[in-house]
Amino acid sequence: MLILTRRIGECITIGDDIRIKLLAINGRQVKIGVKAPRGVVVHREEVYERIVEQNRLAAQSAARAPVLDAAGMMRRKLEDEPQEHGSYEEATHSSH
Amino acid sequence: MKKGRTMNTALLGEIQFDEDAILTIPEGLPGFEHYTRFVIVTLERFFPFQWLQSVEDANLSFPIIQPHFFCADYRPRLSPKVLEFLRLERSEEAEFYSITTIGPTPQEVTANLKAPLVVNPKARLGKQYILEGNSYSLRHPVLK
Numbered sequence: 001m002l003i004l005t006r007r008i009g010e011c012i013t014i015g016d017d018i019r020i021k022l023l024a025i026n027g028r029q030v031k032i033g034v035k036a037p038r039g040v041v042v043h044r045e046e047v048y049e050r051i052v053e054q055n056r057l058a059a060q061s062a063a064r065a066p067v068l069d070a071a072g073m074m075r076r077k078l079e080d081e082p083q084e085h086g087s088y089e090e091a092t093h094s095s096h
Numbered sequence: 097m098k099k100g101r102t103m104n105t106a107l108l109g110e111i112q113f114d115e116d117a118i119l120t121i122p123e124g125l126p127g128f129e130h131y132t133r134f135v136i137v138t139l140e141r142f143f144p145f146q147w148l149q150s151v152e153d154a155n156l157s158f159p160i161i162q163p164h165f166f167c168a169d170y171r172p173r174l175s176p177k178v179l180e181f182l183r184l185e186r187s188e189e190a191e192f193y194s195i196t197t198i199g200p201t202p203q204e205v206t207a208n209l210k211a212p213l214v215v216n217p218k219a220r221l222g223k224q225y226i227l228e229g230n231s232y233s234l235r236h237p238v239l240k
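So the protein sequences, as listed, match chains R and X.
Residue numbers for the first sequence follow the numbering used here, so the first one is 1 and each next one is one higher.
Residue numbers for the second sequence follow the numbering used here, so the first one is 97 and each next one is one higher.
Don't read these hints as lab results, they were simulated from the structure.
Think of the CB as a built atom: it goes at the ideal place given N, C-alpha and C, for glycine as much as any other residue.
Keep in mind that a hint or two might mislead.
[To be verified] When the alpha-carbon atoms are kept at most 27 Å apart in a straight line, the in silico DSSO-like pairs for lysine-lysine are as follows: (1) X:K99 - R:K31; (2) X:K177 - R:K21; (3) R:K31 - R:K21; (4) X:K218 - X:K177; (5) R:K35 - R:K21; (6) R:K35 - X:K177; (7) R:K77 - X:K240; (8) X:K99 - X:K218.
[To be verified] Not everything, but these chain X residues come out facing chain R in the computed CB check (under 7 Å): (9) G124; (10) G127; (11) F142; (12) A154; (13) F158; (14) V205.
Produce the complete structure using the sequences and hints provided.
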């Protein structure tokens with residue numbers, strides 16, 4: 001890993017179009033600005049990792065029977081409160 | 097003329113769809129970046145759940161649900177960058193889907209409201225967009 005020391009207000013550049021600026025330090029927190037082209041996705045690592053984990057769980061949990069059970073329960077719940085879900089009827093019939 | 101396709105999926109059996117129903121997610125989903133082409137399969141017996149089925153891998157599918165079925169006031173704000181990426185003028189034109197995790201019992205069915213799948217229905221373009229802030233949960237119980 002490349003390790004660089006920077007002062008507040010100084011930058012690091014990666015390639016031609018990614019710029020990382022150290023904005024402020026407050027105790028154990030560091031504020032960083034990232035300038036990157038549109039296609040580059042920038043996230044706090046832990047948030048992204050949790051999304052990855054949820055997506056993996058969703059793909060693994062895709063089994064018919066539990067989804068059918070959940071769908072049945074959900075429909076009963078929606079029937080009890082139909083006025084809040086105007087698109088219920090409409091959505092039932094929309095299929096590809 | 098529409099070009100029809102048939103696919104034998106692991107979970108849903110044989111499904112049929114038109115080429116122009118294919119939803120392109122150019123970045124893929126986090127953790128599944130290599131899969132960029134999907135169809136949203138609507139089957140009455142699963143309503144209100146739907147399936148995000150990969151057309152590149154018959155074994156890959158995600159249960160999804162539109163958040164308004166369990167979270168009536170869910171109206172996340174999209175950044176101008178995301179609107180541009182999805183070729184949308186306004187947030188109101190977008191469709192939102194939550195990727196759903198099905199636990200061992202129906203009570204443990206949770207939806208990811210923190211990172212909805214945002215779709216431009218006209219352009220058939222999508223992105224799983226991570227919302228800023230802490231207002232929405234990654235594991236919102238659907239049946240509560």
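The hints, checked one at a time:
{"no.": "1", "hint": "X:K99 - R:K31", "result": "51 Å, violated"}
{"no.": "2", "hint": "X:K177 - R:K21", "result": "21 Å, holds"}
{"no.": "3", "hint": "R:K31 - R:K21", "result": "9 Å, holds"}
{"no.": "4", "hint": "X:K218 - X:K177", "result": "18 Å, holds"}
{"no.": "5", "hint": "R:K35 - R:K21", "result": "8 Å, holds"}
{"no.": "6", "hint": "R:K35 - X:K177", "result": "13 Å, holds"}
{"no.": "7", "hint": "R:K77 - X:K240", "result": "9 Å, holds"}
{"no.": "8", "hint": "X:K99 - X:K218", "result": "18 Å, holds"}
{"no.": "9", "hint": "G124", "result": "10 Å, violated"}
{"no.": "10", "hint": "G127", "result": "4 Å, holds"}
{"no.": "11", "hint": "F142", "result": "5 Å, holds"}
{"no.": "12", "hint": "A154", "result": "12 Å, violated"}
{"no.": "13", "hint": "F158", "result": "5 Å, holds"}
{"no.": "14", "hint": "V205", "result": "5 Å, holds"}
Figure legend: structure checked against the earlier numbered hints; hints not met, in rising order: 1, 9, 12.
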